Amino acid sequence: MVGAEGRVASAIAPGPDVLVSWLEKMIEIRLAEDKVMEIYMQGLVPGTVHLCQGMEGTSVGACGALTPDDWVVCTYRGHHHALSRGVDLVGFFAEIMGRENGVCGGMGGSSHIVDRSLGMLGSPAIIGAGIPVATGAGLSAKLRGEQRVAVGFFGDGACNIGTFHEALNMAQLWRSQVVFVVENNQYGEYTPYRDSTALADGGNIADRAGAYGMASAVVDGQDARAVYEAVSLARARALAGEGPTLIEAQTYRYRGHSRTDPGAYRPPGELDAWKQRDPIGILGDFLITEGALAASGLETMWERTQVAVDEAADVAAEGGWPTIQQAEGFVYAE
Amino acid sequence: MGGGISLAVGAALASATLGDGRVAVSFFGDGAANQGIFHESLNLAAIWGLPVIFVCENNGWAESTPVSYSTSVEDISQRALSYGMPGVTVDGSDYLAVHQAAATAVERARQGGGPTLIEAKVVRMRGHYVGDPEQYRSREERRSARGEDPVTRFQEASGVDLTAFTAETSMELDKAVEMARAAAWPDPLEVGRYVVDEPAAKHSATMPAPTERAGTFRQAVHEALAEAMRANTSVIVMGEDISGGSGLGPPLEGAMGGTFGVTKGLLEEFGPERVRDTPISEAGFTGAAVGAAVAGLRPVVDLMWSSFTPYCFDQIFNQAAKMRYMFGGQTDVPLVLRMAAGAGLRAGGQHSDTLYSIFASIPGIKVVAPSNPSDAKGLLLSAVADNNPVVFLEHMSLYRTSGPLPEGSYELPLGSASVVREGSDVSLIAVSAGVPMALEAADRLSDEFETSAEVIDLRTLSPLDVETINASVARTGRALVIDESPPRCSLASEIAALLAESCFGRLRAPIARVCSADTPVPFSPPLEDAFLPSVERIVHAVRRM
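Chains as they are written, first to last, in numbering that gives the first Met the number 0: chain G, 0 to 333; chain B, 0 to 544.
Rather than coming from a laboratory, the hints here were simulated on the basis of the structure.
Values in this document were obtained by computation on a predicted structure and should not be read as measured data.
Possibly wrong hints are sitting among the right ones.
As the list claims (entries may be wrong) - Only part of the chain B face toward chain G is listed, based on derived beta-carbon distances under 8 Å: (1) Pro-278; (2) Ser-523; (3) Ala-529.
Unchecked claim - Going by beta-carbon spacing under 8 Å, a handful of chain B positions derived as facing chain G: (4) Gly-35; (5) Phe-37; (6) Ala-45.
A virtual CB, placed ideally from N, CA and C, is assigned to each residue, including glycine.
One chain only, chain B, in its complex shape (with noise of 0.2 Å):
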């Protein structure tokens, strides 16, 4: 419910960082209007003056809850005062009155005044659904209803007569429907059709020349968006104080540049209309992300922690991963989520999540989660090619590493894991900063219990490289999967599982998993420490095996 609102302000957006002249609108019932993502898309709307109309199709029924029992004002249309913006409340079944009260919305729109409130008060002639009873109406509410029918006051208040063009119109109904029921069921085979947009060839990746040049994931993360940017113009960046909390204007000393810095200095050279700060309004700049996705732009959200993003599931979950497969392939949502993710920085219990495997589980979105800044590089820059909606997990213990840094513009494909240390007794499994903890496992083992391990840098949760898992646990025998989050439906059950299906006759220990503990992540540091995988139990763990 309320969830096409976004999606609506971030056409506008697209229409307006476009220049199509286009006009965004929403519409929406009155249930909706008392949804949170209501608030924060006209608000968003209003302080970035977009082309968009929200008409509010208040039938005075949220399915079988009256509007005075959801709604605290009378006026669906007062609430648009909150945001300085214009808002109506016309007649909705008078088809001149919405006419003309759309017609100038849309003008001012055009001429760049911004959005309206459009409160249009209709009846609802039948039921939430077909076949409900409406037991919660009365009788004489519901023949009342059935006298506002707009085609009959239409009629009336034209003179026209309709017959003729209603029995027209009737048989072309039943035609229709006809055509309909004679056509074919879809195969079921081809169920899995429209999940995600595959480019023809696996991937087109452009492999960047060894380099000696180093520089930190921030870098790498930065110089990627810089990349995307200059390459395309559809690409726009947007979040919370991601140009520097120094508002629209020209950026004061000392912007940030975002909380982690890894934007700065972009403002500077693509402006405001690109690099956009945001409210705090997680659920509504998500789906205007979205929004803007389908309608022409390539946005990259900065969603700066994992942990915000509950507050935007809907966009992500309902919206943009399910966009293309219920459109039947008609619309690609290509978008990034960046966002960071991981704990280790004493931020406490909600500041600190890893969020693996909600995000890997969603059908629809790719989740990419790299290790290092050459990787973070090569597949943000995939990821903004990509056509479909990818969540891009930065750990935060990461940013400040340092490691190679090719220069300029380069792909890493999605989907393809690397094996980072070549090994015979022991296939390490990890992803993120699960990966240098790896390393140093493995060189322990080595140094000292003579153990070979090998180690899988995962890069891309989802789509997940089964084969370069499978051939390496095939040849090790042993499977140990480092993950940050908490064990239970975790990435490291989902890879024991595929494990155990896949290379069942070739283990010679059972698949291990080194996970957090069972908990929210907790704020004392003794607690955290033990809270999360370390080299130590990594190493143990494989001792055990």
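Same shape as in the complex, but just chain G (with noise of 0.2 Å):
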């Protein structure tokens, strides 16, 4: 990682046995969004749903480097940042299918699962709307001496919106506590993130960090361990009064924008290719080739992770539909 100094650094690494937690914690994302497509198509989820397959890795890395007393706000495509900060499966689905037994009590559904008590601040489906969020999130931090930090995640799409502009230059001058990671996922919709983004030749989103006099990194998003590292060492100098750091982690999503977008926009071929770099699959590898895992615990993972998911969802779907009388009381606070 490169500081505004130029300083390069190492974080503490994870031992085998968070990093299996990892691998579960990655395989249960896929497993709830392939869920989440197949209710879906029966019927139980209202709307529409943005699913995050392919980019477990950004979330479970970065979410990896934090306490949990450390605030993230995410975005409408946030399902892989609830469930990696611990949101539970039942409130998880039962918040998609809009009913009483949500985390949000069936209010905000797919694009706004927000777990309070696990320092979730908000997932807003206005594109950019979190970063400012975060960037006050961490700047309360900062002033009340409290040893956490804001974590704001967003995606290429956002980085053309004024609200990162102006939250990257209020957070540097601030010197708020926070940590900017922006999920490059090739496409903002349906667009390829360099028709809408104008950068230096070859430039990345991160070195718009320069403009604001702050420290960058770009990671390879498929890989939570150099997420991980990056994010810890960017909470590290964040606690350390050295200010923010933008990092791009660059991922990818296997499915479309949203549910009725197929991503026929996308070359022929694109989607295998990064398929190859699984991050499921390349942590997977990684503990078995360590040592950490035999192959038959990683097809037990897969089971009983599945066991799970299916009790989940079904419990989910048990739970009563929210009540007008308990809507009104979530307008204004007493």
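Hints in hand, dock the two standalone chains.
Next up, the structure:
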């Protein structure tokens, strides 16, 4: 990682047990997303959904670097962030179905799975709206003298909206305890990011940090360990009062932008090429090579997680509907 | 602050599209360089390679805040690197240095080399405003600023003696001030002049012949755009993913044509210059559309969902709506802002708003919300032909609905409601998706309760067709307004107030409103259904009158 001062450092490597738990979490996210699609086709999911298969490495790696006290602001494509922070599977599915046992009581839906008790501050469905929110949370931590950071996750598309610019300027100026993680999944809705994002020749989105005098890093988002390392260092910098970092995690979404989008605008072969670098495959192979996990253990992990996901979705579907009386209480604080 | 940056991008877009060889220059301060619109505009200008020069006059102070308190880098020109754009810092008090930097940038822009950011570091010799005591500046800093007087420095550098010229100019200025002082005040009775451009003839509508042809609402909007673009090459459309998400090349298989498929196919017929995919930069491209509109184009912007418009509210509210009025009628802003609106699709709190009264309350813009394909086509063609900014709201539940759809081009007048069902006991005043609901309620009232309901489709929310509403209510004596927005300060409230003022003596019952609940739009289906107006609620409300 390159700091504003050009410094390179390294983070404490997580142990095998931790890495195995990350792998299991990534499998949970993958299977949960597949399950969302399944229950969608069964008519259990109102509205639309924005799935994240292929992007599990960014959220699991980043959240692996955080403590339960840290804040997270994500986006409408936020299922992986929510599950990485530990949102309960029943509350997850129930929210997507609009049931009262959902994490937001059925008020938010797929785009807004937020469990405040897990440090989640929001998941806007307005592009870039979370970036200043994360900046403010990081400022709050700094002013209150708290040893926590805020992580703002957002997509490549959000890097062209004004809030990106305004928030990064303020974050750097005020040395907010914030880490910005751009999940560059190559497409802003249906448009390749290089068609909408002016960059210097051969440049990356992370280079825009230079316009604010901010530290930056580009990491392989398919490698959860690489994301972890970058976020760990950025977290340490933020807590040391050295300011925020802009991290670009390069990744890919296997599905289209939303449920109705087949992703047909993608060049042939692109999806397959990315699937060769699947985040679950990369970490699984690493753990097997290191001897931390047996191939049979990996198989059991998939099976066990599938059972947990199926059961959670079934329990969620038994939840009741929220009532108007409940909902009215949510408009204003008492 | 910063609103002008996007206007210059739009003017450069007009120049590039019309091929007139002009260059646009935007002047702004150091404070504006921290606004989001700066970022969106520079990115847009860079990806489109537009002939625009951004001149940041960094005078060291944003109002009373020094630049070091507001800007995280020393040189603002450094920010050009984010966009792969040349960025230079020059001594802004040095006339020749600025001239040279500008000449290079202008030459580059004219050659098709795209935009440049020039940061001119200058001094602010006076306060932020006349009478600013400037307690926040040290005496030394103010004194040294005066030492950088660009006129003195020009004189020193060039050796030209400006004494005689200064005296002559001073006299000219005195004379001009004297003349301005002697002039009369504008007539207060003319305060409403210049708000909108109204054609001399109230409307030159070309009504369609009755038709057997049916089509969907989506098709109607698409056909209106295609007809408008065929008729007038200055009409362009722009928005996120509208050409199909295929970038600037030929459309790939499966290209979407916008989130709702409305613009699918326009790229093939009109090309990428006139069917522009934009980055996700609502403020930047809406501002660019305003700039393009005042510089010769007639842009139609696709904002996707009405809930995204708060990001570009400055461009709508402060720029598009006020330019004509503030500039004394010199500038028309022929601009259409299309957007999907409305709830019922389980799209959640941030994708379901109507914002009817938000837009309808702004002087200087017109607001259209059609309920059927035939009206949608004719009203959109009128909106594009109109010389004012028009917000065109397309209710999401209507896209797939069908109805008669005349072929060819025709215009329906803005500001004219339509009585879609005649009745004698009560007037149901509805808009957009509320109209089919009101018609169904009218059927039930007739069948089950022998009540004869008249249904008015407002079609245009601003200007509002007060005559048609009044005439109906004066006859029926009862008025119920159906409005999908939350009730407070709603369109329904406005119509109720107008009727109370004009029809009080004719009313046989209190005016009633059927609105949404006074909450954001909930996601859960039973809650969203309860939130929205419904046939049931309309019938119930009429029964209580």
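query = Should the hint that Phe-37/B touches chain G count as held when the rule is a Cβ pair under 8 Å?
reply = 7 Å, holds
request  = Against chain G, run the beta carbon of Ser-523/B and see if the smallest gap drops under 8 Å.
outcome  = For Ser-523/B, the interface hint holds, since the closest Cβ of chain G sits about 4 Å away, which is under 8 Å.
query = Should the hint that Ala-45/B touches chain G count as held when the rule is a Cβ pair under 8 Å?
reply = At about 3 Å, which falls below the 8 Å cut-off, the nearest Cβ of chain G leaves the hint on Ala-45/B intact, so it holds.
query = Going by Cβ atoms only, is Gly-35/B closer than 8 Å to chain G?
reply = 2 Å, holds
inquiry  = Pro-278/B was flagged as interface toward chain G. Is the shortest Cβ-Cβ separation under 8 Å?
reply    = The hint holds - Pro-278/B has a Cβ within 8 Å of chain G, the shortest such distance being about 4 Å.
ask   = Is the hint on Ala-529/B kept, meaning its closest Cβ partner in chain G is under 8 Å away?
value = 6 Å, holds
Consistency with the previously given hints is maintained throughout, with no hint failing.
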